[in-house]
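Starting from the known structure of chain A, fit chain B onto it as the hints suggest.
For the record, the sequence lines run as chains A and B. According to our numbering, the stretch in the first sequence is residues 1 to 339, in order. According to our numbering, the stretch in the second sequence is residues 1 to 613, in order.
If you are wondering where the hints come from, they were derived from the structure by calculation, not from laboratory data. C-beta atoms are modelled at their ideal positions from N, C-alpha and C, and glycine is treated no differently. Be aware that one or more of the hints could be misleading.
[To be verified] Partial list, computed: chain A residues near chain B (C-beta under 7 Å):
1) Gly135
2) Asp179
3) Arg214
4) Tyr334
[As the list claims (entries may be wrong)] Restricting the straight-line Cα-Cα distance to at most 25 Å, the calculated cross-link-like pairs of lysine to any residue (SDA-like) are:
5) A:Lys222 / B:Thr80
6) B:Lys97 / B:Leu109
7) A:Lys241 / A:Gly135
8) A:Lys222 / B:Phe323
9) B:Lys97 / B:Gln173
10) B:Lys552 / B:Ile587
11) A:Lys222 / B:Ile587
12) B:Lys552 / A:Glu176
[To be verified] Here are a few chain B residues that sit away from chain A, every Cβ distance over 10 Å (derived from the structure):
13) Val21
14) Ala85
15) Tyr131
16) Thr134
17) Ala169
18) Gly219
19) Arg259
20) Ser332
21) Thr378
22) Glu449
23) Val531
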Amino acid sequence: MRKWFVGSALCVLIASFTVAQAQGKLAEVRNRGSLVCGVNDVLPGFGTVNEEGEHEGFDVDFCKAIAAAVLGDADAVTYRPLSAQERFTAVQTGEVDVLIRNTTWTSSRDTEVGLNFGPVIFYDGQGFMVRRDSGIESLEDLEGRRIGVQSGTTTELNLADVMSALDIQYEPVIFETSDQLVAAYDDGAVDAWTTDKSGLASLLISLSDPEEHRILDATISKEPLAPAVLHGDDEWYDVVKWVIFGLMEAEEYGITSENVRELAETSTNPNIQRILGAEPSAVEQIGLEADAIATAIEAVGNYGEIYERNLGEGTPFNIPRGLNAQYYEGGLIYGMPFR
Amino acid sequence: MATRSIRPTGGKERIPFYRNVKVIGILAQLIFLALVVMGFWVLYNNVTTALERANIPANFNFLRARAGIPIGESPIRYNTADTYARALWVGVLNTLKVSLVGVVLATLLGILVGVMRLSSNWLLRQIASIYVETIRNTPLAVQLVFWFFAVLVPLPPRISGPIELPGGAYFSQVGLALPWLYPSYSFSAWVPWLVGAVALFVLLVWVRWVQIRRSERPGNPWLLPLVAALGLAAVGYVVTERTSELPPTSTNYLPDRGRGTVFVEGEGGSSRFLPYAAVRVTIPEGQLRDITQSFNESRRRVYSSFRFPALRDHEVGAAEVTFADPESDAASRLSIHYLNFPSSGFLYEDRNGNGEYDPGEEVSEAGTGFNGVPLVLTVENFERRVVADRNGQFRMPQFEPVGAGGAAETAEAEAAPPPAASASPAALFGAPRTPTASGDEAAETGALEATVEVLPTGPLVLSVPTIPRSDYEGGVRLTAAFMALLLGLVIYTASFIAEIVRGGIQAVNKGQREAAKSLGLSDAQTFNLVVFPQALRIILPPLISQYLNLTKNSSLALLITYPDFFAIGRIVANQTGATVPIILIIIAGYLTISLIFAFILNIVNERLALVER
Numbered sequence: 001m002r003k004w005f006v007g008s009a010l011c012v013l014i015a016s017f018t019v020a021q022a023q024g025k026l027a028e029v030r031n032r033g034s035l036v037c038g039v040n041d042v043l044p045g046f047g048t049v050n051e052e053g054e055h056e057g058f059d060v061d062f063c064k065a066i067a068a069a070v071l072g073d074a075d076a077v078t079y080r081p082l083s084a085q086e087r088f089t090a091v092q093t094g095e096v097d098v099l100i101r102n103t104t105w106t107s108s109r110d111t112e113v114g115l116n117f118g119p120v121i122f123y124d125g126q127g128f129m130v131r132r133d134s135g136i137e138s139l140e141d142l143e144g145r146r147i148g149v150q151s152g153t154t155t156e157l158n159l160a161d162v163m164s165a166l167d168i169q170y171e172p173v174i175f176e177t178s179d180q181l182v183a184a185y186d187d188g189a190v191d192a193w194t195t196d197k198s199g200l201a202s203l204l205i206s207l208s209d210p211e212e213h214r215i216l217d218a219t220i221s222k223e224p225l226a227p228a229v230l231h232g233d234d235e236w237y238d239v240v241k242w243v244i245f246g247l248m249e250a251e252e253y254g255i256t257s258e259n260v261r262e263l264a265e266t267s268t269n270p271n272i273q274r275i276l277g278a279e280p281s282a283v284e285q286i287g288l289e290a291d292a293i294a295t296a297i298e299a300v301g302n303y304g305e306i307y308e309r310n311l312g313e314g315t316p317f318n319i320p321r322g323l324n325a326q327y328y329e330g331g332l333i334y335g336m337p338f339r
Numbered sequence: 001m002a003t004r005s006i007r008p009t010g011g012k013e014r015i016p017f018y019r020n021v022k023v024i025g026i027l028a029q030l031i032f033l034a035l036v037v038m039g040f041w042v043l044y045n046n047v048t049t050a051l052e053r054a055n056i057p058a059n060f061n062f063l064r065a066r067a068g069i070p071i072g073e074s075p076i077r078y079n080t081a082d083t084y085a086r087a088l089w090v091g092v093l094n095t096l097k098v099s100l101v102g103v104v105l106a107t108l109l110g111i112l113v114g115v116m117r118l119s120s121n122w123l124l125r126q127i128a129s130i131y132v133e134t135i136r137n138t139p140l141a142v143q144l145v146f147w148f149f150a151v152l153v154p155l156p157p158r159i160s161g162p163i164e165l166p167g168g169a170y171f172s173q174v175g176l177a178l179p180w181l182y183p184s185y186s187f188s189a190w191v192p193w194l195v196g197a198v199a200l201f202v203l204l205v206w207v208r209w210v211q212i213r214r215s216e217r218p219g220n221p222w223l224l225p226l227v228a229a230l231g232l233a234a235v236g237y238v239v240t241e242r243t244s245e246l247p248p249t250s251t252n253y254l255p256d257r258g259r260g261t262v263f264v265e266g267e268g269g270s271s272r273f274l275p276y277a278a279v280r281v282t283i284p285e286g287q288l289r290d291i292t293q294s295f296n297e298s299r300r301r302v303y304s305s306f307r308f309p310a311l312r313d314h315e316v317g318a319a320e321v322t323f324a325d326p327e328s329d330a331a332s333r334l335s336i337h338y339l340n341f342p343s344s345g346f347l348y349e350d351r352n353g354n355g356e357y358d359p360g361e362e363v364s365e366a367g368t369g370f371n372g373v374p375l376v377l378t379v380e381n382f383e384r385r386v387v388a389d390r391n392g393q394f395r396m397p398q399f400e401p402v403g404a405g406g407a408a409e410t411a412e413a414e415a416a417p418p419p420a421a422s423a424s425p426a427a428l429f430g431a432p433r434t435p436t437a438s439g440d441e442a443a444e445t446g447a448l449e450a451t452v453e454v455l456p457t458g459p460l461v462l463s464v465p466t467i468p469r470s471d472y473e474g475g476v477r478l479t480a481a482f483m484a485l486l487l488g489l490v491i492y493t494a495s496f497i498a499e500i501v502r503g504g505i506q507a508v509n510k511g512q513r514e515a516a517k518s519l520g521l522s523d524a525q526t527f528n529l530v531v532f533p534q535a536l537r538i539i540l541p542p543l544i545s546q547y548l549n550l551t552k553n554s555s556l557a558l559l560i561t562y563p564d565f566f567a568i569g570r571i572v573a574n575q576t577g578a579t580v581p582i583i584l585i586i587i588a589g590y591l592t593i594s595l596i597f598a599f600i601l602n603i604v605n606e607r608l609a610l611v612e613r
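Chain A with its partners taken away, still in its complex shape:
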């Protein structure tokens, strides 16, 4: 009889894997006192771990901004490094509050996987890296060449689609991990390798002689990278959206981490007043303290500052703003108005 008992107990245990959600994410995060943020830890510039063991990068700064806005403390973040395969499960099960891990916004992820995507924080696209001395300057020059790509990614499918559309015949070499791919490219075993351009720029500096390589101008796909939260919690979704819009608006109105406190007191511009909480209702509607956006800007700076600090000219990556410039400078970054 004990066998039966153990057996049925096991069944019950296995079968009962449902997590009851009693409260909203915003209240949950406040009670916990820290934000659990799903990040990348192997992509320099976007999400990586520095020598002191701290997470840093473009994506990581948005985690800090949300923590600063919600909890008043940019350091109240628990980072959860996730692999490409793990990331969606982590959001679905509620293991992370928000996923900011260079994740492309696609229809299937938005619907089938059950995510909600916030504002696009980086407009990316798939590109190619080649040796300068290879004579490859355009996609056509890849005719008859060996191209390395990582398996199980959208880049693999994009590559096949675009090359067959352009009638370019090449030899694909499929690698299991990004490390292997970069090593083989560095050894010259493939003529070109392809992934998101941000990834190319980020990994360029890990090659033995970065000077010898270049990223082709051609871009073969749209890869809008956006933060993601679980579908179904509008309150929390709004918080993530508007903190990021706040950082984008801040750049537009010239609010920086340096002058944010001063502007909060002195500025007479009603737009700035609304963002920084001098007119409390605009921010309080979102469910945050009146000075939440100001706290976030003080902690990590506006969108432009985050970009420059992690990816801009002073960094080894030096990625031009391009599509990620503000809309009035020809880019696509467009913060929705606080009103």
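Below, chain B without anything else, positioned relative to chain A:
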């Protein structure tokens, strides 16, 4: 009850069922069965509900969908428009390819090492035991990664400067390319002759067999029939070559793309490609372009070197390397030195003004070794014979008309219509760039004269590898991944086979050897005729399981980019999300392969086993 009545027993006592050993036994088994069934049910239920909840497909419908995944090497025709089922089939064939070749090589190496371990020569014996102990005590995955990432990719030269082996073979970090025979358009006409040759062989062997039996003297029944059959096949080959005619063909060679396809005109204006057609391309005058680069053969960046696609001496009438832009600053200061005209050389600065290169005059501008000075190779009377692949496609270096400089190219680029949005969205970083005009247009507007002739061939055509760009063309090609996998599997499995062989030989009774010696047989005869045949019976059963191990171990291929069954299965699972069905297919696939292997080998085993009376 305080008292217990003792019933007289009539020889038969009723035991309560819960103390009856028989009943308990049956009951225990029933309970166990129920537990197992329940366990499976729980698993099944869990999997299906979990899959349903997570929206993961749990059926096999995805197999008919367009795969869209690129696969590096395939023994059959495959492109990204094919289905997932075909992609998996390519994986099965790749697994079979490496397993079959691996089994043969591992057996040969294993027997050699096994015999070496018993050698009376001290050195041989030690080498063999060091080999066995080192290899079989290291994980196979480590060995595979070692062969691929530490030996075959970094050590051989780049494909632009391959090692040329005798017989027209090339070796580089991309792999090994060997000349190979392929069946041409007239092969089908030769098939009846081949069938006849085989029939003749069988018939003659039978006749000779009967003759030898009757004469009761030793004789070789194989030699004469073999010669006769080969003779017939050869006669058939010559006759077919003389009589069969090349069907009407057409080609669509694009010199600037460096590729073309051979088509055969069918009835009613239809045309389909002609596989393995021999093609001769002649170009009276054409140009190849290159940019100078660092000379990093030994990772010492000293020269600013150039390296055009490998042209062989007999393929070009005359060739000259010049600066693409004679007006440029580089052209006025630097001179060109040929190492291996016309393929490679480097730039130098003639500092002492004697008009020729002296050591020490090398240049390396910008300090990084990369110069980027464009050069052109003008070739006259280029002629190359290649054999098209199984898709009827052949590849050449990418020629441009003479004088097609940078100016012409940019004009063309500006004139080109904007690309289709799906194919090439605007650039994200830096200035947008429109791709240059497609090959068709360039071929129409360009002045490059190129003639393509499809050559008549015999039933078999010898395909010699060439390197048109940065990959091999023609011949048969062993990729670095395939070679690494094969090396790893063969060397690893052979160490086990060696031990099995050694054990088998040592198990043969010493008396057998002594008896053979006393009959006056030599050492070799003793081994070949007496010891080894008896050892084989002991060796074979464990050998079969080693063959199966090798086949299954080939699934480690995904570590080193070889597209085997498991690797492709994983990619498909990742792209479709149909993990469970794919795993089932993979299990069923390996099971089938292994069972077929085991079935065949067990038949062999039964034939060889000692017939006991």
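Cross-check of the supplied hints:
no. : hint                : verdict
1   : Gly135              : holds, 5 Å
2   : Asp179              : violated, 10 Å
3   : Arg214              : violated, 10 Å
4   : Tyr334              : violated, 16 Å
5   : A:Lys222 / B:Thr80  : holds, 21 Å
6   : B:Lys97 / B:Leu109  : holds, 18 Å
7   : A:Lys241 / A:Gly135 : violated, 44 Å
8   : A:Lys222 / B:Phe323 : violated, 39 Å
9   : B:Lys97 / B:Gln173  : holds, 21 Å
10  : B:Lys552 / B:Ile587 : holds, 11 Å
11  : A:Lys222 / B:Ile587 : violated, 37 Å
12  : B:Lys552 / A:Glu176 : holds, 19 Å
13  : Val21               : holds, 19 Å
14  : Ala85               : holds, 17 Å
15  : Tyr131              : holds, 28 Å
16  : Thr134              : holds, 25 Å
17  : Ala169              : holds, 19 Å
18  : Gly219              : holds, 54 Å
19  : Arg259              : violated, 7 Å
20  : Ser332              : holds, 22 Å
21  : Thr378              : holds, 17 Å
22  : Glu449              : holds, 21 Å
23  : Val531              : holds, 46 Å
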